[in-house]
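Trainee: In order, the protein sequence lines correspond to chains E and L. Oh and the first sequence: position 43 is 1035 in my numbering, straight run, nothing missing. Oh and the second sequence: position 140 is 1132 in my numbering, straight run, nothing missing.
Derived by calculation from the structure, the hints in this document are not laboratory data. Some hints could be false.
[Unchecked claim] To be clear about the criterion: a stretch of chain E counts as covered by chain L if any three or more of its residues have a C-beta under 8 Å from a C-beta of chain L, and this derived list gives those stretches: (1) 1177-1187; (2) 1193-1199.
[What the hints assert, rightly or not] In silico negatives: residues of chain E with every beta carbon more than 10 Å from chain L: (3) Phe-1077; (4) Asn-1099; (5) Pro-1118; (6) Lys-1120; (7) Leu-1121; (8) Leu-1128; (9) Leu-1131.
All values reported here derive from a predicted model rather than from experimental measurement. Glycine residues also receive a C-beta, built at the ideal position from the N, C-alpha and C atoms.
Number of protein chains: 2
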Amino acid sequence: MKNMSVKKKRNGPIMFPKATLERLKMYHALLQEEKSEYISSEEIARKLSIKPEQVRKDISYLDYSGKPKVGYHISSLVDALDELFGTKLRDNIIIIGAGHLGKALANYKGFVNFGIRVVAIFDNDPEKLGTYVGELVVLPLKDLDRVIRRFNVKIGTICVPGESAQKTVDLLIKKGIKAIWNFAPVILEVPENILVENMDIARSVLTLKHLLDRTPTGKIR
Amino acid sequence: MKNMSVKKKRNGPIMFPKATLERLKMYHALLQEEKSEYISSEEIARKLSIKPEQVRKDISYLDYSGKPKVGYHISSLVDALDELFGTKLRDNIIIIGAGHLGKALANYKGFVNFGIRVVAIFDNDPEKLGTYVGELVVLPLKDLDRVIRRFNVKIGTICVPGESAQKTVDLLIKKGIKAIWNFAPVILEVPENILVENMDIARSVLTLKHLLDRTPTGKIR
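So that you can see chain E by itself, here it is in the shape it has in the complex:
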């Protein structure tokens, strides 16, 4: 879990708190859908239920300067966000675990917009090996080496059950993977130079459960 990140800038690195990166991703999602040419910080803030000052502060980190009177030029701002996230650089990723979630990710068509290509999906279940997931054949873990080198893979996606996640991650790191995209609902231990992004999908519903205000009987008000 990395809470800070570094952006290269001519005058040295800028540190991004994780929360800032999360908001910048939301701006990216919002602005890609916008049809108009300009947008104000107030409008972004209203649509995302955050404060306009926060929006202006976040965007001030980017390699972009808005015009105070007319607002942000949307396509330029999207360009700046694309650069920040490297969406124009292609990363080949692999998926470990050909269960429901692994298959769902392997079949996701939108990755192309983020510069992501899924080049292989792996599993150790003999019944799954050789079956097709979209256009990919499920491969055994012994093929990891070959695939990682052939496609210069840096990002490994963990879609195995929680109990086998750590040993899968240890193996990936040994094989040269630099960044772990973790969908298993467990906390992983990795060396300091390895990046981890946790997507504990199911646990995310707990925010809604917490926020649903209830009476002591468990009934919602």
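Please arrange chain L on chain E, whose structure you already have, making use of the hints.
Mentor: Just chain L now, kept in the frame of chain E:
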């Protein structure tokens, strides 16, 4: 997108920033796996790559008091987190969209630990209606009313494509849904009294792409 939440306390509400809630969910994930009886804030911090002061501050919000010398009593701390997130209260949820992701969620066995039961999955594709997803039959949207009332459903899960997400959400709200668990990669507009938790799964990989430090040629250092 709610950035603040309210916890009921005898002496009035406590506001949780979204980042705090996210860390509390990580503690929940970590502590559920721990085998020992006590854990220190330093150890939690080390395993999650955050600061011990942050851990102590976050946990001070909970209805729990640790013993400074021996650390936190793990099972009591899990209990406090369970109470915060309402994992012992059962919420019946519905899933809209029986594509790969919707099916993956409907089949997820771990929800029971979070007090979540998926009671129905919906789609408007005639080819999917009547097919089985685990033990659930895919239902048409015209059955929404009946299911929401029958199972007192408050949380609706959006697994439809981005372009139909907003109109699906509008429909759910009209039918009485109070909280939206959104897996569509778009920003939704909802009335103020409706909760939204966004899980833009694919976009989460952008954090890793951003953090993978590259030379100007796109090669990783």
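Trainee: Now tell me, hint by hint, if it's right for this structure.
Mentor: Right, here's what the structure says about each hint:
1. 1177-1187: Since three or more residues must qualify, the claim that chain L covers the segment 1177-1187 of chain E holds, with 5 doing so at under 8 Å.
2. 1193-1199: holds (count 7)
3. Phe-1077: violated (4 Å)
4. Asn-1099: violated (5 Å)
5. Pro-1118: Given a closest Cβ separation of 21 Å, the condition holds.
6. Lys-1120: holds (15 Å)
7. Leu-1121: holds (20 Å)
8. Leu-1128: holds (14 Å)
9. Leu-1131: holds (19 Å)
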